[in-house]
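Asks: Listed below are the residues making up each chain.
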Amino acid sequence: GQSLEQPSEVTAVEGAIVQINCTYQTSGFYGLSWYQQHDGGAPTFLSYNALDGLEETGRFSSFLSRSDSYGYLLLQELQMKDSASYFCAAFIKAAGNKLTFGGGTRVLVKP
Amino acid sequence: EPEVTQTPSHQVTQMGQEVILRCVPISNHLYFYWYRQILGQKVEFLVSFYNNEISEKSEIFDDQFSVERPDGSNFTLKIRSTKLEDSAMYFCASNQRRIEAFFGQGTRLTVV
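In order, the protein sequence lines correspond to chains X and E. When you line the first sequence up against my numbering, it's residues 123 to 233, in that order. When you line the second sequence up against my numbering, it's residues 508 to 619, in that order.
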């Protein structure tokens, strides 16, 4: 099967660092992406890892290890506005052009 | 900045009625999608569309659903004979490359 697994919820305080893990089982994909979704809003693209290693975009970084079937999103210097759901996602090769999402991790930032 | 637009933002319909959700993808994009998100749950893939035909569909996308690209800009999702469990947020998305998909703001469908 093709699935991406994430923790359901993470709580942290402002200024902290949060790591959201994503483990996957898929026959092959083009790369791992991360999306942010605020309540009532649309998913918006955050980052993409085509190759193994770390990609940094400001306060957010994403990591991929294909050999471990694992990736993570790192949120640094947490701000209240970072409270949202975060989804890992992948375009699955065997499925034409289908973007498949993990279950999402709800991040709650407290003062 | 180009964006995906969806109409209406909220649709209330009676059970058994047909609804059409409309989307205008970004103009130079080649791949189009519909996703569904039941309140509090994950974003679920319904269907992808490329080169004027369905390229992939999920088990959710049964005979009750259909998609159409009636002209060069619109992309529609039709739900026939709506059921209570069809109540959800429906997102349209499009992309050009297999890196990021751009999502519309969604249509909240409420079946009563």
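Just so you know, the hints here were simulated from the structure itself, not pulled from any lab data. Treat the hints with care, since some could be wrong.
Unchecked claim - The following residues of chain X were derived to be distant from chain E, with all beta-carbon distances above 12 angstroms: (1) 145; (2) 174; (3) 178; (4) 200; (5) 201; (6) 202.
As the list claims (entries may be wrong) - Derived DSS-like pairs (lysine-lysine); straight-line CA-CA distance at most 27 angstroms: (7) X:232 - X:203; (8) E:549 - E:590; (9) X:232 - E:549; (10) E:585 - E:549; (11) X:215 - E:549; (12) E:590 - E:564; (13) E:549 - E:564; (14) X:203 - E:590; (15) E:590 - X:215; (16) E:564 - E:585.
Even for Gly, the Cβ is constructed at its ideal location relative to N, Cα and C.
Asks: It remains to establish, for every hint, whether it holds in the given structure.
Replies: Right, here's what the structure says about each hint:
no. : hint          : in the structure
1   : 145           : holds (15 angstroms)
2   : 174           : holds (16 angstroms)
3   : 178           : holds (17 angstroms)
4   : 200           : holds (23 angstroms)
5   : 201           : holds (23 angstroms)
6   : 202           : holds (21 angstroms)
7   : X:232 - X:203 : holds (10 angstroms)
8   : E:549 - E:590 : holds (20 angstroms)
9   : X:232 - E:549 : holds (23 angstroms)
10  : E:585 - E:549 : holds (22 angstroms)
11  : X:215 - E:549 : holds (21 angstroms)
12  : E:590 - E:564 : holds (20 angstroms)
13  : E:549 - E:564 : holds (17 angstroms)
14  : X:203 - E:590 : violated (36 angstroms)
15  : E:590 - X:215 : violated (33 angstroms)
16  : E:564 - E:585 : holds (14 angstroms)
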